[in-house]
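Whenever a hint applies, use it, and build me the whole structure from the sequences.
Respectively, the protein sequence lines represent chains A and B.
If you're matching positions, the first sequence starts at 1 in the working numbering and goes up one per residue.
If you're matching positions, the second sequence starts at 117 in the working numbering and goes up one per residue.
Some hints here could point you the wrong way.
[Unchecked claim] Below 20 Å or equal to it, Euclidean Cα-Cα: the simulated EDC-like pairs (lysine to aspartate or glutamate) are:
id, chain 1, residue 1, chain 2, residue 2
1, A, Lys9, A, Asp38
2, A, Lys9, B, Glu161
3, B, Lys158, A, Asp38
4, A, Lys19, A, Glu82
5, A, Lys41, B, Glu121
6, A, Lys36, B, Asp199
7, A, Lys36, A, Glu82
8, B, Lys118, A, Glu58
9, A, Lys44, B, Asp143
10, A, Lys44, B, Glu161
11, A, Lys67, A, Glu53
12, A, Lys36, B, Glu161
13, B, Lys172, A, Asp103
14, A, Lys40, B, Glu119
15, A, Lys44, B, Glu121
[To be verified] Per label pair, the in silico range of CB-to-CB distance:
id, chain 1, residue 1, chain 2, residue 2, range
16, A, Gln14, B, Lys118, 32 to 38 Å
17, B, Lys118, A, Lys67, 25 to 31 Å
18, B, Ile134, A, Asn57, 37 to 43 Å
19, A, Gln14, B, Gly132, 36 to 42 Å
20, A, Gly84, B, Pro226, 36 to 42 Å
21, B, Ser168, A, Leu83, 42 to 48 Å
22, B, Gly132, A, Asn17, 48 to 54 Å
Please keep in mind that the hints were generated in silico from the structure rather than gathered at the bench.
No residue lacks a Cβ here, since even glycine has one placed at the ideal position from N, Cα and C.
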Amino acid sequence: DTAVSQTPKYLVTQMGNDKSIKCEQNLGHDTMYWYKQDSKKFLKIMFSYNNKELIINETVPNRFSPKSPDKAHLNLHINSLELGDSAVYFCASSPPRWRDSTDTQYFGPGTRLTVL
Amino acid sequence: QKEVEQNSGPLSVPEGAIASLNCTYSDRGSQSFFWYRQYSGKSPELIMFIYSNGDKEDGRFTAQLNKASQYVSLLIRDSQPSDSATYLCAVNMGGQNFVFGPGTRLSVLP
Chain A
1 DTAVSQTPKY LVTQMGNDKS IKCEQNLGHD TMYWYKQDSK KFLKIMFSYN
51 NKELIINETV PNRFSPKSPD KAHLNLHINS LELGDSAVYF CASSPPRWRD
101 STDTQYFGPG TRLTVL
Chain B
117 QKEVEQNSGP LSVPEGAIAS LNCTYSDRGS QSFFWYRQYS GKSPELIMFI
167 YSNGDKEDGR FTAQLNKASQ YVSLLIRDSQ PSDSATYLCA VNMGGQNFVF
217 GPGTRLSVLP
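In structure tokens form, the structure reads like this:
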């Protein structure tokens with residue numbers, strides 16, 4: 001299936017641990033994103049990568065580090081997890097402008113992170 | 117601070133009625149505007165996008181954009197219970213920097 005996929009779907013961990021969330025898209029898109037959706041459902045952009053290069057880095061603690069090994073993957077590593085990191089994290093991708101000028105984003109299913 | 121604002125709702129409409137969802141944005145230079153629908157526990161999915169002033173219709177959905185007033189809206193005609201969801205307004209404020217509003221929860225009552 002063509003899609004944006006994320007693993008794991010659920011992640012429960014203790015404060016202070018380090019964890020990673022993986023994202024892959026097989027849509028041939030150039031741009032990938034990480035969003036955080038908190039308990040109030042506010043969806044906020046964290047990072048954006050275009051062709052493996054970081055283009056947007058919003059005000060996010062440096063405990064969060066994105067890594068893009070190739071343009072189909074964008075992983076999110078979180079160090080020293082805190083209670084406030086509990087949220088749903090969505091990966092998304094969008095096609096290159098030459099192919100689709102609409103800027104439409106396609107979202108993955110989300111990863112629900114719970115920090116105890 | 118670049119912002120997108122929406123009424124959080126819930127907005128309740130009877131089945132078959134028109135639901136009207138509104139959104140305002142702060143960055144006058146924004147060029148592209150989107151409406152996403154998000155069911156509880158699911159990921160956002162695109163409903164409509166609009167770039168030019170005026171109306172854009174797609175089936176039961178109509179997006180309206182007024183750049184002078186920095187206002188974008190979504191009308192849902194003949195609302196169905198399956199339209200009950202949270203509707204997110206998103207604005208590309210340049211350089212693929214998408215800013216989402218807090219969402220409006222719509223409830224369509226049978």
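For each hint, the structure was consulted:
1. Lys9(A) with Asp38(A): holds, 16 Å
2. Lys9(A) with Glu161(B): holds, 18 Å
3. Lys158(B) with Asp38(A): It holds: about 14 Å lies between the C-alpha atoms, which stays within 20 Å.
4. Lys19(A) with Glu82(A): Holds: Lys19(A) and Glu82(A) sit about 11 Å apart, inside 20 Å.
5. Lys41(A) with Glu121(B): The given pair, whose Cα atoms are some 14 Å apart, holds under the 20 Å limit.
6. Lys36(A) with Asp199(B): violated, 24 Å
7. Lys36(A) with Glu82(A): This hinted pair holds, its Cα atoms lying about 14 Å apart.
8. Lys118(B) with Glu58(A): Measuring from Cα to Cα gives roughly 12 Å; hence the hint holds.
9. Lys44(A) with Asp143(B): Given that 20 Å is the threshold and the Cα spacing comes to 16 Å, the pair holds.
10. Lys44(A) with Glu161(B): holds, 16 Å
11. Lys67(A) with Glu53(A): holds, 9 Å
12. Lys36(A) with Glu161(B): holds, 16 Å
13. Lys172(B) with Asp103(A): holds, 17 Å
14. Lys40(A) with Glu119(B): holds, 16 Å
15. Lys44(A) with Glu121(B): Between Lys44(A) and Glu121(B) the Cα gap is close to 13 Å, so the pair holds against 20 Å.
16. Gln14(A) with Lys118(B): 32 to 38 Å: Holds - the Cβ-Cβ distance for Gln14(A) and Lys118(B), about 35 Å, lies within 32 to 38 Å.
17. Lys118(B) with Lys67(A): 25 to 31 Å: Since Lys118(B) and Lys67(A) have Cβ atoms about 27 Å apart, the given range 25 to 31 Å holds.
18. Ile134(B) with Asn57(A): 37 to 43 Å: holds, 41 Å
19. Gln14(A) with Gly132(B): 36 to 42 Å: This hint is violated: roughly 50 Å between Cβ atoms.
20. Gly84(A) with Pro226(B): 36 to 42 Å: Since the Cβ atoms of Gly84(A) and Pro226(B) sit about 39 Å apart, the hinted range of 36 to 42 Å holds.
21. Ser168(B) with Leu83(A): 42 to 48 Å: holds, 45 Å
22. Gly132(B) with Asn17(A): 48 to 54 Å: holds, 51 Å
Comparing the model with each numbered hint stated earlier shows that hints 6, 19 do not hold.
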